[in-house]
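Read off the chains here:
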Amino acid sequence: MMNRVSLWLRSVLLRRRLEREMQAEMAEHIERSTDRIQARGMSRKAARREALREFGNVGYLQEEGRLARGTGWLDTLIGDIRFAFRHFARNPFSTVTIIAVLSIGIGINVLLYTIVQSYTARPPVGIEASDDLVRIRGSRRGTSGRAERAFTLQEIESYAALDRHFTSVVGWTSQSVTAVSAGVEEVTVTATFVTDGYFPGLRVQPIFGRGLSIDGDEAQTVVLSHDLWTRLFAEAPNILGRTITVNEVPFTIVGVAPRGFYGALREGPAPPIWLPLSSYPSISSASDDAELFRAIGRLAPGVSREEASAAVAVIAGVTEQDTPTAGNDLSADVAPLLAANYDPGNDSQVVLIRGIFGTLGLLVLLVTCLNTSALQTGLALARRREIAIRTSLGATRRRVIRQLVTECIVLAAVAGVAAIGVTYAITRILMVLVVEMPINLSVDRSTLLFTFTLAIAAGTLFGVSPALHATRESVAGELKDTATSVAGAGGRLQSGLVVAQIALTQPLAVCVALFVSLAVYEFRDSPRNPYGDRIVSLRLASARPFDIDSALDSATILAERVETERLVHALQEVRGVGAVVREPGSILFNYGPFTFSRATQDKQSADERFYLVGRTAMPGYLDLMGRRRLLGRDLQPADSTAHESGVLPTVIGDDMARALWGDSNPIGQRVEQVSTTSERFMLEIVGVYEEPSDATGTRRSAFMVFVPMRHLPSNRSFWLRTTEPAEQMMGEIRGVARETVPRAAITALRTVRSMEDEERFMLWGATTLISTGGIIALLLAALGLYAVVSFAVGKRMSEIAVRVALGAQPRQIVRHIARDGLRLSLLGIFIGLPLSILALRTIINASPDVPEVSLSAVTAIVAVGVTLVAAIATWLPASRAARVDPAVTLRRE
Amino acid sequence: MTSGNTPFLTGTLEMIVLQLLQAEPTNGYELTLRIQAISNEVLNVNSGSLYPALYRLEQRGLLKPKWGLSENGRRMKVYSVTPAGQKQLAQHRAEWARFTGALTAILDVT
Numbered sequence: 001m002m003n004r005v006s007l008w009l010r011s012v013l014l015r016r017r018l019e020r021e022m023q024a025e026m027a028e029h030i031e032r033s034t035d036r037i038q039a040r041g042m043s044r045k046a047a048r049r050e051a052l053r054e055f056g057n058v059g060y061l062q063e064e065g066r067l068a069r070g071t072g073w074l075d076t077l078i079g080d081i082r083f084a085f086r087h088f089a090r091n092p093f094s095t096v097t098i099i100a101v102l103s104i105g106i107g108i109n110v111l112l113y114t115i116v117q118s119y120t121a122r123p124p125v126g127i128e129a130s131d132d133l134v135r136i137r138g139s140r141r142g143t144s145g146r147a148e149r150a151f152t153l154q155e156i157e158s159y160a161a162l163d164r165h166f167t168s169v170v171g172w173t174s175q176s177v178t179a180v181s182a183g184v185e186e187v188t189v190t191a192t193f194v195t196d197g198y199f200p201g202l203r204v205q206p207i208f209g210r211g212l213s214i215d216g217d218e219a220q221t222v223v224l225s226h227d228l229w230t231r232l233f234a235e236a237p238n239i240l241g242r243t244i245t246v247n248e249v250p251f252t253i254v255g256v257a258p259r260g261f262y263g264a265l266r267e268g269p270a271p272p273i274w275l276p277l278s279s280y281p282s283i284s285s286a287s288d289d290a291e292l293f294r295a296i297g298r299l300a301p302g303v304s305r306e307e308a309s310a311a312v313a314v315i316a317g318v319t320e321q322d323t324p325t326a327g328n329d330l331s332a333d334v335a336p337l338l339a340a341n342y343d344p345g346n347d348s349q350v351v352l353i354r355g356i357f358g359t360l361g362l363l364v365l366l367v368t369c370l371n372t373s374a375l376q377t378g379l380a381l382a383r384r385r386e387i388a389i390r391t392s393l394g395a396t397r398r399r400v401i402r403q404l405v406t407e408c409i410v411l412a413a414v415a416g417v418a419a420i421g422v423t424y425a426i427t428r429i430l431m432v433l434v435v436e437m438p439i440n441l442s443v444d445r446s447t448l449l450f451t452f453t454l455a456i457a458a459g460t461l462f463g464v465s466p467a468l469h470a471t472r473e474s475v476a477g478e479l480k481d482t483a484t485s486v487a488g489a490g491g492r493l494q495s496g497l498v499v500a501q502i503a504l505t506q507p508l509a510v511c512v513a514l515f516v517s518l519a520v521y522e523f524r525d526s527p528r529n530p531y532g533d534r535i536v537s538l539r540l541a542s543a544r545p546f547d548i549d550s551a552l553d554s555a556t557i558l559a560e561r562v563e564t565e566r567l568v569h570a571l572q573e574v575r576g577v578g579a580v581v582r583e584p585g586s587i588l589f590n591y592g593p594f595t596f597s598r599a600t601q602d603k604q605s606a607d608e609r610f611y612l613v614g615r616t617a618m619p620g621y622l623d624l625m626g627r628r629r630l631l632g633r634d635l636q637p638a639d640s641t642a643h644e645s646g647v648l649p650t651v652i653g654d655d656m657a658r659a660l661w662g663d664s665n666p667i668g669q670r671v672e673q674v675s676t677t678s679e680r681f682m683l684e685i686v687g688v689y690e691e692p693s694d695a696t697g698t699r700r701s702a703f704m705v706f707v708p709m710r711h712l713p714s715n716r717s718f719w720l721r722t723t724e725p726a727e728q729m730m731g732e733i734r735g736v737a738r739e740t741v742p743r744a745a746i747t748a749l750r751t752v753r754s755m756e757d758e759e760r761f762m763l764w765g766a767t768t769l770i771s772t773g774g775i776i777a778l779l780l781a782a783l784g785l786y787a788v789v790s791f792a793v794g795k796r797m798s799e800i801a802v803r804v805a806l807g808a809q810p811r812q813i814v815r816h817i818a819r820d821g822l823r824l825s826l827l828g829i830f831i832g833l834p835l836s837i838l839a840l841r842t843i844i845n846a847s848p849d850v851p852e853v854s855l856s857a858v859t860a861i862v863a864v865g866v867t868l869v870a871a872i873a874t875w876l877p878a879s880r881a882a883r884v885d886p887a888v889t890l891r892r893e
Numbered sequence: 001m002t003s004g005n006t007p008f009l010t011g012t013l014e015m016i017v018l019q020l021l022q023a024e025p026t027n028g029y030e031l032t033l034r035i036q037a038i039s040n041e042v043l044n045v046n047s048g049s050l051y052p053a054l055y056r057l058e059q060r061g062l063l064k065p066k067w068g069l070s071e072n073g074r075r076m077k078v079y080s081v082t083p084a085g086q087k088q089l090a091q092h093r094a095e096w097a098r099f100t101g102a103l104t105a106i107l108d109v110t
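Taken in sequence, the protein lines are chains A and B. So in our numbering, spot 764 of the first sequence is number 764, and the numbers just go up one at a time. So in our numbering, spot 42 of the second sequence is number 42, and the numbers just go up one at a time.
Next comes chain B alone, as it looks inside the complex:
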C-alpha cells in the first residue's frame, strides 16, 4: 500500500461515513481522526469537507444529529445512522462488492 493522499471515488465518502457512524455514533472531529487512523492515513479527508457531506446525509434523513457533551465538558454534535441510513449503507456495500469483484476479476486476467 502506498502512502500519501488518495482521492475519493464518487460516493465512497458517503459509504465510509455511514459505515463508521454505524459502528459508533460520534462527532465530526472524531470521525475525521478515525478515518485517518483506520485507513493508516491513506485516506486523507480534508477535515472541513466532511461537514458538507454530513449535512447532505442529514438532509436526506440518513443521519440523525444529537447535541451532547464530550468527556471534557465541551458541547458536541453526535451523528448516528437512521434506519434509512442503514438501508442505504447496505445498498452501497452491495454495489461496492460488485464493483471490486468485477475489478478483481479483470486484474486476475493474466
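If we strip away everything but chain A, and leave its shape as in the complex, we get:
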C-alpha cells in the first residue's frame, strides 16, 4: 500500500520529468522504427510516415500514458485553472466584482467567527491555550440566575489542598494603585496581588527576570507589565533591580511580563503590575479575610472538569455554613480558562452571542452567495456560445460543468485569501486602537480552516447551479439563433434571483440599519452632567459585599456601620467638600409594569400600563447630582420606614410627570405595580425633578423613579460634591479614606466627568465599529443588488437593439425595462417584508429600550434605499443599451 502511495506521489511530484521522459521514449521508438523501415529501402520521409502509422496516434497515446500514471486529473485541473485565469483576464470587471462581493461576505463571516471564537473559545490575551488550565469560579444565587462571587483567601487555600484534583491553584486580587518611577511620573496601575506560583501556573515566562518570589525577605518585589515597562522605562534592558514606588511603598523590579499579557483576567484599562500576596498588607488596608480573590488552577492528569467541579462545589458548600449569611446558596465550579467566562451568570449569554452572530453570519453568507450565484449565472449565460462550441468539439457536459465549477472555486479561493487579509488587517487595527481589548483577536489556524471551508463551499455550491443552467441549452439551439436568449429560460432564473436577492437583502439591511441607528442613538443619548468635574465617586471594598439584611445584629456589621458613619463625617470635614451621600446602587424593580392606582385616579383609564425602573436613593442624592427640583420634596430619612406601610414615597422625573399627568400636578398621585404575586409596590409621588434632556426627544419605554432605601446601604460607595473642580482634591480624599477606614481598600476614586469620558469613548468606539460594519454590509447588499439587476438588464441587450431597430424610442425602452425592474423589486420587497418584520420583532423583544420612532423610519428608509438601488441598476444599463447603435449590439451578438 505504502509503495503504491509513494509511486503515486512520485508521479504527481515528478510530473514534468516523467512527461519529458515519456516524450523522449516515444520519440526514440519512432526514430528506431524509422531506421528499421528505411533499411528496407524506403526514403527517410516515407519511412518516418510508416513508423508513425505503425506507432498510432501519438497525442492520444500520451494522454493514455498520463491516465495510466493516475495524474490525468491533475493535468486537467491545471489546464482548467489556467483557462479560468485567462477567462478572468478577459473579464476583469466581473471578476473583480465577484471577488469583492465574495471577499466582503466571507470577511464579515470570518470577523464574526473570530470575535465569537476569541470570546468564547480562547484563553485571555497572552496565555497559551491548554486543556488542563481552568478557572475556579465562585457563584451565589442572584436576582436573575447565578452571580459571580469572589473567594476568601481561606477558601482558595482549601481548593489548593485538593491535590488529587489540581496540580496547582493560584489566587489573586486586584486594586487600583499609583505607581511612580524614580519620583518622576505617576501612573495609575492595576496592582494584582498573587499567591505563590502565579506565573508558572499560567505557564507565562517573564521576558526578564524570574518572576515573583514569596519569601519573606523578598516580599517587596514587583513584575511589570510590558506596557508599564515601555511607559516608565522606555524598554530599558537594565531594568532588574531598579525600584518603583507603589502607593508610596518602594518595590524592587524582578521581572517584566511578555508583551500582550495582562493576567488571567483583564481588570480595567490601566496597565497591570504583579506583586506577591505577602506585600498586600503594606499596600492595602483591606483585611485578607475579605471576599476579594479569584482563582485559576491546573487539573491533575486524568481529572476531568466535572470531577473537579464536584470537588470545589463541596468546599463552597462548607464555606456557606461558615458565613454569617446562610441562604445565599454559595457554590463554585470549574470551567476552562477563557477570556470572558469569569462570571458563571454569563454562561447563557455566551450561547446567545453565538446564536446571534451565527444567524447574522448565515444571513450575510446567504446574500453573498446569492449575489455570486446571480453574477455567475449572468456570466455563464453570456458564455453559452463558447460552451456550445466546446460541446460541439466533443467536450461532454460534465467536462464543461467541471470547468465552470473550477472557475468558481478559484474565485472563491482568491476571495478567501482577500477575506483573510482584510480580517487580519481589521483585527490588527482593533488590537492597536483598542488598548484594553480583553480578548485576543487574531487569525489562527481554525479561522483559516473555517474561511477556506466556507469559501470553497460557497464557491462550489453556488457555482454548480449557474453551470448546470448554462450548459442545459442544446448546441444546435444556441448556435442556430442567438436571439433565443431574449426571453429564454435564463431570464426566469435571473428574475427569480433578483426577487430573492431583494427579499433577503431587505431584512438584512433593516437589521443592520437598526443596529447602526441604535448605536448612534445610544451615543447621542448620554447627556453630560454639567457638574461632572465636581462630583466624585468613592468606593471602598467591603469585607461583606452581599446583602446583610438577615444579619443585622452581628457585631462586625455594627462596627463596620459605625466606621462608615465616621468616614462620612470625616469626608464632610474636608475643605471644599460640600456634600457626601451614600450610594445604595440597587434597583428595586427593573422595567416593572405599573398602572394608575384606582384609589386616586378617576379620569384616566386604570388599564394603561407603563414601565418603571425603580432605583433606591439616599436623601440629597439628586441635589448632589445637580438635578433641579421642580415640584414637591426630596426623599427624606424617615421615608425608609414606608416600606412597612406598603406605599413608597417616590421622586420622579419631569418627563414622566408630563407623559402621565400632562399639566396637572402629579404630587400625591399613586401608581401601583401590576403583578400576579402578593408583593406589589405602591408608589406615591412626592417630588418631581428635572430629567436630563434627551437629545433625540423620543419617548422612553421606561421611566426612572427614585425610591427610599429600606435599610442603610451595606456597601461603602459614596458620592461627594465639591465646590471646586475635584481633580486636585483626590489626594486629600484618598488620604482621609485610608486614615479613617484603614481595613478597607479604595477600589475607585474618580470624577463623574472621567466616568462619562470613558463611557463616551467606549460608546464612540462601539458606535464606530458597528456603523462601519453596518455600512460595509449595506454596501455589499447594494453592490450585489446592483450587479444582479444590471446583469439581468444586460442580458436583454439584443432585445433592446431589436426594439430600437424597429423604431422604438430610447425613452420608451428605458421606461419599459424600468417598469419590469420595479415590478421585480416590489415583489422582492413584498416577499421580504414578513422577514424584516420578524427580524425587527426579535430585536425589539430582546432590547426594550428601542426608540419607537426609529422602527418605521428604518423600514421606510431601507425599502426606499433598496428600490432606489434597484432603480439605478435597472436604469443605467437600460439607458446605455438604448443609446447604442442597434447594428453594433446585434453584430456583437
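Calculated from the structure, these hints are not laboratory results. In this text, a Cβ means the ideal position worked out from N, Cα and C, and glycines have one as well. One or more hints might be untrue.
Beta-carbon label-pair distances, calculated as ranges [said to hold, decoys possible]:
id	chain 1	residue 1	chain 2	residue 2	range
1	A	E19	B	G11	23 to 29 Å
2	A	W8	B	G101	34 to 40 Å
3	B	Q86	A	R17	24 to 30 Å
4	A	W8	B	Q86	36 to 42 Å
5	B	G101	A	L14	41 to 47 Å
Start from chain A and add chain B according to the hints.
Relative to the frame of chain A, chain B by itself:
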C-alpha cells in the same frame, strides 16, 4: 495457426509484457519487436499502445524502469520485473492455465 492480427484478450498484454521482461529486461521498442517475432507476427501489438501498458505496470510497482545506453549509444529506458511483478505473473499464469484447461476440456467434447 492463421496469419493476421489477433486481438488481445483482456489482461493478456500485461501477462505477455511481464513474461517477456522477466526473461530479459529490455526497452519498449525491443519488446514490441520481440512480441511480434516470438508470436510469429500473429500477435500484432500496435507498437504505441504498449507504452500506456508499461506505464500502468510501472505505476502499480510491477515494473522498474532504468535509463541506460543502447549498443549504438542511444539513451533508452530499460524495464525489469520487480518481485511484486513476478508474483503477479505467477498469478496470471495460474489463471491462464486454468482458463485454457477449461477451454481445452470443452473443445475435447465430441
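Quick rundown of the hints versus the structure:
| no. | hint | result |
| --- | --- | --- |
| 1 | A/E19 x B/G11: 23 to 29 Å | holds, 27 Å |
| 2 | A/W8 x B/G101: 34 to 40 Å | holds, 37 Å |
| 3 | B/Q86 x A/R17: 24 to 30 Å | holds, 27 Å |
| 4 | A/W8 x B/Q86: 36 to 42 Å | violated, 22 Å |
| 5 | B/G101 x A/L14: 41 to 47 Å | holds, 43 Å |
When each numbered hint is compared with the structure, a violation occurs for hint 4 only.
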